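A.B. asks: Taken in sequence, the protein lines are chains A and B.
Per my numbering, residue 1465 is the first one in the first sequence, and the count goes up by one each step.
Per my numbering, residue 271 is the first one in the second sequence, and the count goes up by one each step.
Keep in mind the hints are simulated off the structure, nothing from the lab.
These figures come from a predicted structure and were not determined experimentally.
Each residue gets a CB set at the ideal place from its N, CA and C atoms; glycine is no exception.
Certain hints may be false.
Stated by the list, open to error - Sample of chain A residues at the chain B side, in silico, Cβ under 8 Å:
| id | residue |
| --- | --- |
| 1 | Pro1708 |
| 2 | Thr1712 |
| 3 | Lys1713 |
| 4 | Leu1715 |
| 5 | Thr1719 |
| 6 | Gly1722 |
| 7 | Val1723 |
| 8 | Tyr1727 |
| 9 | Pro1739 |
| 10 | Tyr1742 |
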Amino acid sequence: MAHQSTYEPTNGFTRWMDSRLPVIRFAYDTILDFPTPRNLNYMWTFGGILAFCLGVQIVTGIVLAMHYAANTAVAFDSIEHLMRDVNYGWLMRYTHAVGASMFFLAVYLHIFRGLYYGSYKAPREVLWIIGVLIFLAMMATAFMGYSLVWGQMSFWAVTVITNLFSSLDTVIPGLGTMLVEWIWGGFSVNNATLNRLFSLHYLLPFVIAGLVGLHIWALHVPGNNNPTGVDLRDPAKETVPFHPYYTTKDLFAVTVFGVLFAYFVFYLPNYLGHPDNYVEANPLQTPPHIVPEWYLLPFYAILRSIPSKLGGVIAMFGAIAVLFFIPWLDTSRVRSTRYRPIYKWFFWLLVITCLGLGFIGAKPPEGGYVIMGQIFTAYYFLHFLVVMPVVGIIETPKARPRSVADSIFGEGGGGHTGAGRVNQPAAAAAEKR
Amino acid sequence: MTLFSQRGWRKSLTLLVAASAIAYAGPSRAAEGEGSHGAEASRQDWTFGGLTGHFDRAQLRRGYTVYKNVCAACHGMRLMYFRNLSQPGGPEFATGNVEQFASEAQVQDGPDDNGDMFTRPGKPSDRFPSPYANAKAAAAAQNGAVPPDLSVMAKARAVESSGAWYMSPFHWIRDIVTNYQEGGPDYIYALLTGYAEPPAGFNLTAGMNYNKAFPGHQIAMPQPLTDGSVEYTDGTPGTVDNYARDVTAFLMWSAEPKLEERKRMGLKVLIYLVILAGLLYLSKRALWRNVKH
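One chain only, chain A, in its complex shape:
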């Protein structure tokens, strides 16, 4: 929450700076002193984990770019040179490749945490929208990065995804083809395409970093949501300064996440990749199954579930576009799903649907997989367009604590996170609609 600055410059230099560019005051207010709800659980550590992931990707990526050559003739071999002849090149590359997967794992948990606790609701709509923009930029960046390897899966994924735009030919004949050739810089995926993918892959992470800055700014105006979803009333009782309480907790969470990260980098570096990407790109030979990386599979499944090409493209982009409208699609006044007995079931149905879409995306589009993919796709959209507005209206929420302080200090509100659901008849009567 926006709070009064308590920073006091203590020496000549900091006083001098403070009256010119109060950057030290800014850092103190936002990183050290920022009042943060006491009752956040470990699902709130993914913000810090994601900042860590972005940092890792940028640092390893800059080192990789020093050795990579964006030219179709040598791209594949330049990566193998890095793996074989550059000191710790294998470490940089595997960290970057696994890092992309870890980044998405964390971002998906972060998004579902936001959905569960209603973190997108007023006054945090802009915060949520910037988050969706970050997610979109991440997907574009990851896709372009995967193409740079210039293996078979890279090449054919680029071919398939860029070709999607040719579906616009059915709207205005020639438009799609023109657009695709403009994207390619030629009449097929070629050297010019690889060059622009590399250029954009280097640019977008910094766009993401800028968006992350806005995301944190938009977070610091209303302040953190919390597991009860109830607004803070008494910061003195309900919050602690971010440092040392949450810096220590986040650091612990980042380290635990680092164990998983390191396990994959050192022991399963190729587990999340596709073996075909160790075969150099060959425009004359199509692999039997073209699949994207795991984190894009749900959207790939939606794309393939619609029998028409243009329809599939619209559905795929619509699946992301719908996320922008969630703050207004959800009609419930209650933020936290913890107090929403009906919506709770639909939330977990959405989780299963997204996992199901990911599973279907990895399978060949045949037989029962097609029908399952269509059912999951239908529910994905129904969830946001029908379930969210309707359940919010018909549902009678459970009693919520009157304040965060009540959930912390009220009867039974000691010990650990998650025990804060205090049933207070008076409060319940007041809150019920």
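Got chain A; can you put chain B on it based on the hints?
C.D. replies: Chain B in isolation, oriented as in the chain A frame:
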């Protein structure tokens, strides 16, 4: 309550561990059934698997002998240099041996001071020689099928885990828990030992060979290994099984020459991070002890 509460997390973690235990105890064959590709390969015991995996030097040396005497007739390894053969973490041949291997190859060099190209004996800094000048020449010599480069072959193939669709998550968990990254070697070994007479009624195209492990079971490559075809000098019996196993290990090393360095560092990093996480947890707990939350 919900999965997001602490008790819920603990419960789901227990479930996950139980599920992996079930999956781990389950059938260990990577592919039992005949999937749409029909690739059949069972898991082999490799020295380079697991948390402390490493290469067997003698095996890599034998594997190089098999590659040089059999595979190299048709398959290049353009990412490999002779110098790699003496570097740490590989077969670690003596420098003298490597110079000798290299000198057996004739390498084109130049242009010289007169502007002419010339051939000279190879040096350790040269790449392994390619059997064909280019892919067209390879296709012309091999009945249209280009023998693929073998440099990273062990990472470019995998064993598809088949079975019922609902078993897939258990297979993923089992592979993660056992850090299974040897699908490529398992496939190559299965392919090299998978030649057999086609079953009755199998329609084998002329010029093709039947192989149990190859997708579709028809492979252009004729059976490359036969008992006794390569002479081993270290007393290891010259059987197809040994040749296949040794050359597969060699291909895994060529695909992943820094594997030993990676696994050694990985163990240190994991131990460090686990201790650090423990200390940070204690700090966090001490800090929050008197803060109701």
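A.B. asks: Check each numbered hint from earlier against the structure, then list the numbers of those it violates in ascending order.
C.D. replies: No numbers; nothing is violated.
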